[in-house]
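Enquirer: Sequence:
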Amino acid sequence: MDRRSFLTKAAVGGAGAAAASTLATPALAQSMPKVTWRLTSSFPKSLDTIFGGAEVLSKMLSEATDGNFSLQVFAAGELVPGLQAADAVAAGTVEACHTVGYYYWGKDPTWAVAAAIPFSLSARGINAWHYHGGGIDLYNEFLATQGLVGYPGGNTGVQMGGWFRKEINTVGDLSGLKMRIGGFAGKVMEKLGVVPQQIAGGEIYAALEKGTIDASEWVGPYDDEKLGFYKVAPYYYYPGWWEGGPTVHFMFNKAQVEALPAAYQSLLRTACQAADANMLQMYDYKNPAALKSLVGNGTQLRPFSPEILQACFDAANEVYEEMEATNPAFKKIWGSIKEFRGQNYLWAQVAEYNYDTFMMIQQRNGNI
13 MDRRSFLTKA AVGGAGAAAA STLATPALAQ SMPKVTWRLT SSFPKSLDTI
63 FGGAEVLSKM LSEATDGNFS LQVFAAGELV PGLQAADAVA AGTVEACHTV
113 GYYYWGKDPT WAVAAAIPFS LSARGINAWH YHGGGIDLYN EFLATQGLVG
163 YPGGNTGVQM GGWFRKEINT VGDLSGLKMR IGGFAGKVME KLGVVPQQIA
213 GGEIYAALEK GTIDASEWVG PYDDEKLGFY KVAPYYYYPG WWEGGPTVHF
263 MFNKAQVEAL PAAYQSLLRT ACQAADANML QMYDYKNPAA LKSLVGNGTQ
313 LRPFSPEILQ ACFDAANEVY EEMEATNPAF KKIWGSIKEF RGQNYLWAQV
363 AEYNYDTFMM IQQRNGNI
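One gets my numbering by counting positions in the sequence shown from 1 and adding 12 to each.
There may be inaccurate statements among the hints.
Taking lysine-lysine and the DSS-like style, the derived pairs with C-alpha atoms no more than 25 Å apart in a straight line are [said to hold, decoys possible]:
(1) 203 with 46
(2) 203 with 119
(3) 243 with 190
(4) 119 with 178
(5) 57 with 238
(6) 203 with 57
(7) 343 with 238
(8) 46 with 71
(9) 190 with 238
(10) 57 with 298
(11) 178 with 238
(12) 71 with 178
(13) 71 with 57
(14) 178 with 203
(15) 178 with 304
(16) 190 with 203
(17) 243 with 298
(18) 222 with 238
Calculated directly from the structure, the hints in this document are not laboratory data.
Please put together the full structure from these sequences, using the hints given.
Expert: What follows is the structure, encoded as structure tokens:
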């Protein structure tokens, strides 16, 4: 091949490659357009586990799209108050939020059911229901009426029962107690004489310190230690029966989600599920050391008595009967959870319970 022939063919090949490159660029731009959303969290930045869930989602979306899908995360109060996050998304003020459905139960108790209500499922159980029991679709039927789309975005695992300024030994000790307790659980506690208070996380310490409230629940050892509750309320009760496996949700403006390319919609669901799993893993890893630290600083661990737990369980069922009689949307979702709850705990007590119990005995005996 002479030099002229070689250069001619090379030029044709180069032009073809350039043309292919020219054609590919618009196709790539169409499939990965620039999207910039804002997300308002219901949580303070100091809580790297629960606030950090939104940052995990933001990082995943950016990395998967070469920065084209940008999610800017704002802490509670930076754009809107933490307890108004979902309202801001529904109104179109922001495109997304990271929140817990039970914060909005006062508008309709159905908001709370897929997040956490008393004596529902454990974290593992609620995740099974969400992803394989139709829970995500059932909750989105309801959220669609609010102009929202929601996906699970984290779980803390079963929470602690909270911080008390005095010991609680009997059901009678609950009467007149002013307690910061989130969402639906407050309505149950009212039946036992508790005066529930809805206070954002960043304001709890001051309320406990001043005696404005007598008790508060929040999450568990890792987050609670960061917020310093052990300094102003020495008694730490367990378990948090109102949140056996609370789901934190990412909620999005429905119209904005539907305007996304199909690939972005799929990525959003996948990234939410990854962030959902990541949060529970973090809590399971960080809580053990935090609990040891709290006890070392004088925290007094106390279990709720069987009498108190049974009274709370009975009160919760009374509330549910009232709700199911008047609220079809609540009844539909809660009915689905109840049906699975029986199956879930039947299985859990066979292998998991017996294995864990044996290993706990070994740990207490100093063998592990």
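Enquirer: Take the hints in turn and mark each one as holding or not.
Expert: Here is how each hint holds up against the structure:
1. Taken as a hint, the residue 203 and residue 46 pair is broken in the structure, with Cα atoms around 52 Å apart against an allowance of 25 Å.
2. Note on residue 203 and residue 119: the hinted pairing holds, with a Cα-Cα distance of about 20 Å set against a maximum of 25 Å.
3. A C-alpha spacing of about 18 Å is found between residue 243 and residue 190, which places the hinted pair at or below 25 Å, so the restraint holds.
4. Distance hint between residue 119 and residue 178 is unfulfilled; the C-alpha atoms sit about 33 Å from each other, more than 25 Å.
5. Pair hint residue 57 plus residue 238 holds up; C-alpha atoms about 11 Å apart against a cutoff of 25 Å.
6. Between residue 203 and residue 57 the CA atoms are separated by roughly 35 Å; this puts the pair beyond 25 Å, and the hint is violated.
7. Between residue 343 and residue 238 the CA atoms are separated by roughly 37 Å; this puts the pair beyond 25 Å, and the hint is violated.
8. Taken as a hint, the residue 46 and residue 71 pair is honoured in the structure, with Cα atoms around 15 Å apart against an allowance of 25 Å.
9. Distance restraint check for residue 190 and residue 238: the Cα-Cα separation of roughly 23 Å lies within the 25 Å cut-off, and the hinted pair is therefore satisfied.
10. The straight-line distance between the Cα atoms of residue 57 and residue 298 is roughly 17 Å, inside the 25 Å bound, and the hint therefore holds.
11. Restraint check: the Cα-Cα separation between residue 178 and residue 238 comes to about 21 Å, which is no more than 25 Å; the hinted pair holds.
12. Using a Cα cut-off of 25 Å, the hinted pair residue 71 and residue 178 is violated, with the two alpha carbons roughly 43 Å apart.
13. A C-alpha spacing of about 16 Å is found between residue 71 and residue 57, which places the hinted pair at or below 25 Å, so the restraint holds.
14. At most 25 Å may separate the alpha-carbon atoms for a hinted pair to count; residue 178 and residue 203 meet this at roughly 20 Å.
15. Taking the CA atoms of residue 178 and residue 304, the gap is near 21 Å; set against the 25 Å cutoff, the hint holds.
16. Between the alpha carbons of residue 190 and residue 203 the distance comes to roughly 13 Å, so the proposed pair stays at or under 25 Å and holds.
17. Distance hint between residue 243 and residue 298 is fulfilled; the C-alpha atoms sit about 20 Å from each other, no more than 25 Å.
18. This hinted pair checks out: residue 222 and residue 238 have alpha carbons roughly 19 Å apart, not beyond 25 Å.
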